[in-house]
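In case you want the letters, here they are:
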Amino acid sequence: KQEVTQIPAALSVPEGENLVLNCSFTDSAIYNLQWFRQDPGKGLTSLLLIQSSQREQTSGRLNASLDKSSGRSTLYIAASQPGDSATYLCAVSRYNNNDMRFGAGTRLTVKP
Amino acid sequence: EADIYQTPRYLVIGTGKKITLECSQTMGHDKMYWYQQDPGMELHLIHYSYGVNSTEKGDLSSESTVSRIRTEHFPLTLESARPSHTSQYLCASTGANTEAFFGQGTRLTVV
Chain A
1 KQEVTQIPAA
11 LSVPEGENLV
21 LNCSFTDSAI
31 YNLQWFRQDP
41 GKGLTSLLLI
51 QSSQREQTSG
61 RLNASLDKSS
71 GRSTLYIAAS
81 QPGDSATYLC
91 AVSRYNNNDM
101 RFGAGTRLTV
111 KP
Chain B
1001 EADIYQTPRY
1011 LVIGTGKKIT
1021 LECSQTMGHD
1031 KMYWYQQDPG
1041 MELHLIHYSY
1051 GVNSTEKGDL
1061 SSESTVSRIR
1071 TEHFPLTLES
1081 ARPSHTSQYL
1091 CASTGANTEA
1101 FFGQGTRLTV
1111 V
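So the protein sequences, as listed, match chains A and B. Under this note's numbering, the first residue of the first sequence carries the number 1, and numbering increases by one thereafter. Under this note's numbering, the first residue of the second sequence carries the number 1001, and numbering increases by one thereafter.
No lab work stands behind these hints, which were simulated from the structure alone. From a predicted model like this one, the values you see are computed outputs, not experimental measurements. Be a bit skeptical, because a hint or two may be false.
[Said to hold, decoys possible] So the derived label-pair ranges between C-beta atoms look like this: (1) A/A9 - B/G1014: 22 to 28 Å; (2) A/S28 - B/H1073: 21 to 27 Å; (3) B/D1059 - A/R72: 43 to 49 Å; (4) A/E15 - B/G1014: 41 to 47 Å; (5) A/P112 - B/K1017: 40 to 46 Å; (6) A/P40 - B/L1060: 30 to 36 Å; (7) B/T1077 - A/G83: 36 to 42 Å; (8) B/T1020 - A/N22: 38 to 44 Å; (9) B/E1063 - A/Q81: 38 to 44 Å; (10) B/A1096 - A/G83: 44 to 50 Å; (11) B/T1071 - A/S52: 34 to 40 Å; (12) B/S1080 - A/V13: 45 to 51 Å; (13) A/K111 - B/G1016: 29 to 35 Å; (14) B/T1077 - A/P40: 24 to 30 Å.
C-beta atoms are modelled at their ideal positions from N, C-alpha and C, and glycine is treated no differently.
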């Protein structure tokens, strides 16, 4: 059974810092990996989707990398802002999203 | 912005009542999902659907049922609500490119 782990569970940084969130998964036979953002009491917002054949994806200040062989993905956030404060979740799918497995998330706080 | 909607956003209901949580998407996605999430915890898949007339149970044992009569609509029903059903319920859908989109969630409290 695929297990997804996110480290750290919580992170607090001052505004302007660059930071890295980590996601690891036990079964490297994945179809895709997706990073989401969740604000308190809300649904999930898709940030980046990496297909299994890709190594990284970028959107604005966000960059996600994928190393399937080692079962790892990182989400890099450049020049963090207070508005980036949220919980960040990664999810992996083995077969076309039928079994999307989530990590418990990293709760990020960016202090002004 | 994702076009997937859940109603109601918040619901407080008494034990034993029957409730239906609504989820609709206007993106024409075939695959839809229901997840349950307790505060600060990870998401657990409770139901999913590949398309019209297709429904499957997820990993987490759930006393809820779902139906998929139309592509855009995937309601979840609890026949008899209990306090243990108190949680947040999240609906999602995916299209051909496999990117998942989520609704805003329904926060259910059973008293």
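Comparing the hints with the structure gives:
no.	hint	verdict
1	A/A9 - B/G1014: 22 to 28 Å	violated (35 Å)
2	A/S28 - B/H1073: 21 to 27 Å	violated (36 Å)
3	B/D1059 - A/R72: 43 to 49 Å	violated (23 Å)
4	A/E15 - B/G1014: 41 to 47 Å	holds (46 Å)
5	A/P112 - B/K1017: 40 to 46 Å	holds (45 Å)
6	A/P40 - B/L1060: 30 to 36 Å	violated (22 Å)
7	B/T1077 - A/G83: 36 to 42 Å	holds (37 Å)
8	B/T1020 - A/N22: 38 to 44 Å	holds (39 Å)
9	B/E1063 - A/Q81: 38 to 44 Å	holds (42 Å)
10	B/A1096 - A/G83: 44 to 50 Å	violated (31 Å)
11	B/T1071 - A/S52: 34 to 40 Å	violated (27 Å)
12	B/S1080 - A/V13: 45 to 51 Å	holds (46 Å)
13	A/K111 - B/G1016: 29 to 35 Å	violated (46 Å)
14	B/T1077 - A/P40: 24 to 30 Å	holds (27 Å)
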